[in-house]
Every structure is written in C-alpha cells, then in structure tokens.
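Start from the sequences, fold in the hints, and give me the full structure.
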Amino acid sequence: MSVSPSVPIGICAIAIHQPGWELENGWFGDTMPRKFAHHTGIEARTISDDDEVTMGLAAVRQLQRDTGCNLADCRGIVFVSPSFIPPSIARRHLEPVRLADERPGCAARRIVRELGLRKCRTIGLNWFCCGYSRAFAVVNRRWAPRLALEKDEFILVVVASRISRITDYRTAATAGLFGDMASATMLAPATNRRHPVHFMVLHAAAERQPAERPAFDFHMRTGVVVPAPDGGAIHDEKRLVWSLDGMMIADIAPRAMSAAAAKAITEAGLTGGDVRFVVPHQAGTGIVRFTGMKLDDHGIGGEIVNGLTRRTGNVSACSIPHALHATWSRLSGLIACPTAAVGSPGRPEVLQGCILLRATPYHERLARVAA
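If you read the sequence shown in numbering that gives the first Met the number 0, its first letter stands for residue 0, the second for the next number, and so on.
Hints listed in this document are in silico derivations from the structure and should not be mistaken for laboratory results.
Mixed in with the good hints, there may be bad ones.
[What the hints assert, rightly or not] Here are the computed lysine-lysine pairs in the DSSO-like style, where the Cα-Cα straight-line distance is at most 30 Å:
{"#": "1", "residue 1": "293", "residue 2": "34"}
{"#": "2", "residue 1": "262", "residue 2": "237"}
{"#": "3", "residue 1": "150", "residue 2": "118"}
In this text the structure is predicted, and so the values were computed from the model without any measurement.
Encoded structure:
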C-alpha cells in the first residue's frame with residue numbers, strides 16, 4: 000500500500016526525448032502479420048543509437064530547457080530502465096566485465112556524475128512497463144517523507160527505454176511492438192513556488208501478482224537480423240534477446256491494469272465515478288480498448304486516453320510520462336494511470352501498478368485559459 004508523505008508531492012513538469020530514427024512497418028515486409036497495425040495501432044517505432052544513460056541525460060537537459068530548473072536543487076534521481084538485462088540473466092549469459100553495465104543503480108550514479116550533482120540520492124529500477132509506477136511508489140512512500148524537500152527542491156524520475164537493443168527482429172509478431180524513448184519527470188511539494196505543481200500524487204503503487212505460466216524470457220541468439228538507419232539490415236552475430244507470449248499478455252494486461260486502478264481508487268478512499276481521465280499504459284490500441292471494458296466492470300468511468308503508439312510503438316516505462324505529456328493541457332480532475340508488465344524472466348507472474356493524480360487549481364486555471 001502507498002503511504003502519503005507528510006508534505007504531499009506532485010508533478011511539476013515532464014520532458015520527453017524521442018529518437019529521430021523511425022522504423023516503419025514496411026521494413027518487416029511480409030513477415031509482419033497483416034493485422035498487426037489494426038490490433039496495435041502501431042505504424043512505426045522509434046529507435047535510439049544512444050545508450051540508456053545518454054538518453055536519460057538528454058531528457059533531463061530537455062527538462063532544464065523547458066523549465067529553467069537549477070539542478071543544484073535536485074535532491075534525488077530515480078533512474079528506470081526496462082531495457083536493462085535482469086541480474087539472473089546477465090550473470091548467465093554475459094561476461095563479468097559487462098555486468099555493471101546492466102545495473103540500473105550504476106546507471107543512476109553515472110547520470111548524477113554527468114550532471115555534476117553532489118547531495119543527490121539515487122536508486123535504479125527496472126520493473127519493465129511498470130517502472131514508472133514503481134518509481135513513484137518509491138518516491139511517495141520512502142523518499143518524500145525523509146528528504147523534507149525545501150523551497151525550490153525537487154526529485155527527478157528519469158526513464159530510458161531502449162528495448163531495440165534486446166529485440167529479435169526475426170520474430171516479427173512481437174518485434175514491432177516496442178519503441179525507444181526517454182523522459183524526465185519533476186516531482187516537488189505543493190509549496191514549490193519556482194516550479195508549481197500541476198498534478199498532485201494521491202496514490203502510487205506497483206506489485207507482483209501470480210500468473211498461470213511465464214510469458215517472458217531471454218535467450219541468446221546468433222545471426223539476428225537488425226534494422227539499419229538507412230532502411231536496410233545488418234546481422235548481429237550474437238545477441239541476447241527477449242521473447243514474449245503476446246497472446247497471453249494481450250489477455251492478462253487489461254485485467255491487471257483495471258484491477259490495479261480499482262485497488263488504487265479504493266485505497267485512496269475514492270470511487271470509480273470520481274475518475275475524470277484514465278491514462279493507461281499505452282501497450283497498443285487493442286489492449287487499451289480491452290482495458291476500458293474491464294474498467295467498466297469495476298465501475299470506473301472517465302475518458303480513456305488511447306492511440307499514442309502510432310508513431311512510437313509501445314515505449315514501455317516511458318508510456319505514462321509520454322501520455323501525460325501528450326495530453327497535458329486537457330487533463331483535469333482525478334486521473335488514474337494504471338500499468339501492467341511482464342514479471343521476472345521465466346517466472347509465472349505479472350506486474351501491475353497505478354498512479355492516481357489530481358489536477359491542481361493552478362493547472363485547472365491554465366487549462367481554462369488555454370481553452
């Protein structure tokens with residue numbers, strides 16, 4: 000259960016770093032299922048040549064440009080990356096010298112060093128597509144009560160997803176699902192005057208739930224076809240890649256997201272009718288439509304945000320910040336942001352989480368002026 004900090008925190012700003020390279024569905028040719036675009040809404044996905052740390056830094060720099068924030072006021076950075084290889088898999092398949100490169104905690108400390116920060120707490124997380132929910136839970140439950148943020152101080156949640164580097168592009172049924180993206184979210188108390196809060200965090204949680212069977216794992220493959228920026232293809236002699244039971248996830252994810260939203264609303268002492276907007280994990284248009292049906296079963300109303308994967312693909316843990324950023328000016332009232340994800344590789348489990356936000360009077364005033 001999420002515990003509210005003594006001084007409530009909220010989202011002041013979100014910045015997005017989107018790679019310039021888009022891989023169109025046409026690259027896959029006849030190997031991509033005919034109904035792929037119809038079921039997912041995905042016509043292209045973004046691919047990054049930069050590593051996750053470089054992507055995360057780019058998102059933070061964009062946030063600086065957007066807000067004029069002084070990074071000296073940053074008291075903590077939560078770094079989230081769903082494309083880092085889990086330790087159990089990394090130890091089995093990678094050389095010992097490469098293990099540190101797959102630790103999100105090490106990446107978080109690298110980002111802090113690159114930014115020249117000193118008194119800045121760090122933590123690194125994976126949690127796949129639920130990483131953003133998990134990061135908010137950590138900040139809301141552990142950090143905010145202990146850090147006692149003052150004046151203009153804030154915390155950053157930095158997400159960098161580069162799943163393209165662990166994708167087997169020969170498996171066209173699932174290879175086209177994911178895109179790369181990075182984001183930086185500024186969290187601060189409602190008392191922050193330099194960076195006013197737009198959305199208060201009412202609840203944040205993420206948890207593991209049992210599943211009937213594993214839906215996700217990693218494998219070492221040879222001769223993997225990889226897209227090239229010029230539209231052609233190259234062959235990766237040896238590549239560690241993920242595999243996914245897409246049909247199982249398409250069935251379980253909507254149930255997990257709707258259950259997480261219902262649980263969050265109940266724990267926050269609210270009702271489904273209080274929800275004005277639902278901003279779910281943008282796994283694909285079909286999954287979000289199914290999620291809407293399951294939300295109805297729980298009595299959760301509100302406008303459902305969908306269709307943001309068309310030119311990005313499923314950007315995993317960047318999905319919620321990307322969706323909030325894209326719909327920023329029209330969001331109002333109570334906003335539920337449920338997420339679902341695969342569990343640990345080879346284990347019969349699913350991850351689910353939810354962030355509940357409420358638009359502040361400041362945000363509502365700006366929205367009315369913009370309208």
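Query raised in the report: Is the straight-line distance between the alpha-carbon of residue 150 and that of residue 118 30 Å or less?
Result: 16 Å, holds
Query raised in the report: Going straight from one Cα to the other, do residue 293 and residue 34 come out at no more than 30 Å?
Result: The given pair, whose Cα atoms are some 23 Å apart, holds under the 30 Å limit.
Query raised in the report: Going straight from one Cα to the other, do residue 262 and residue 237 come out at no more than 30 Å?
Result: 43 Å, violated
In summary, the one numbered hint that this structure violates is 2.
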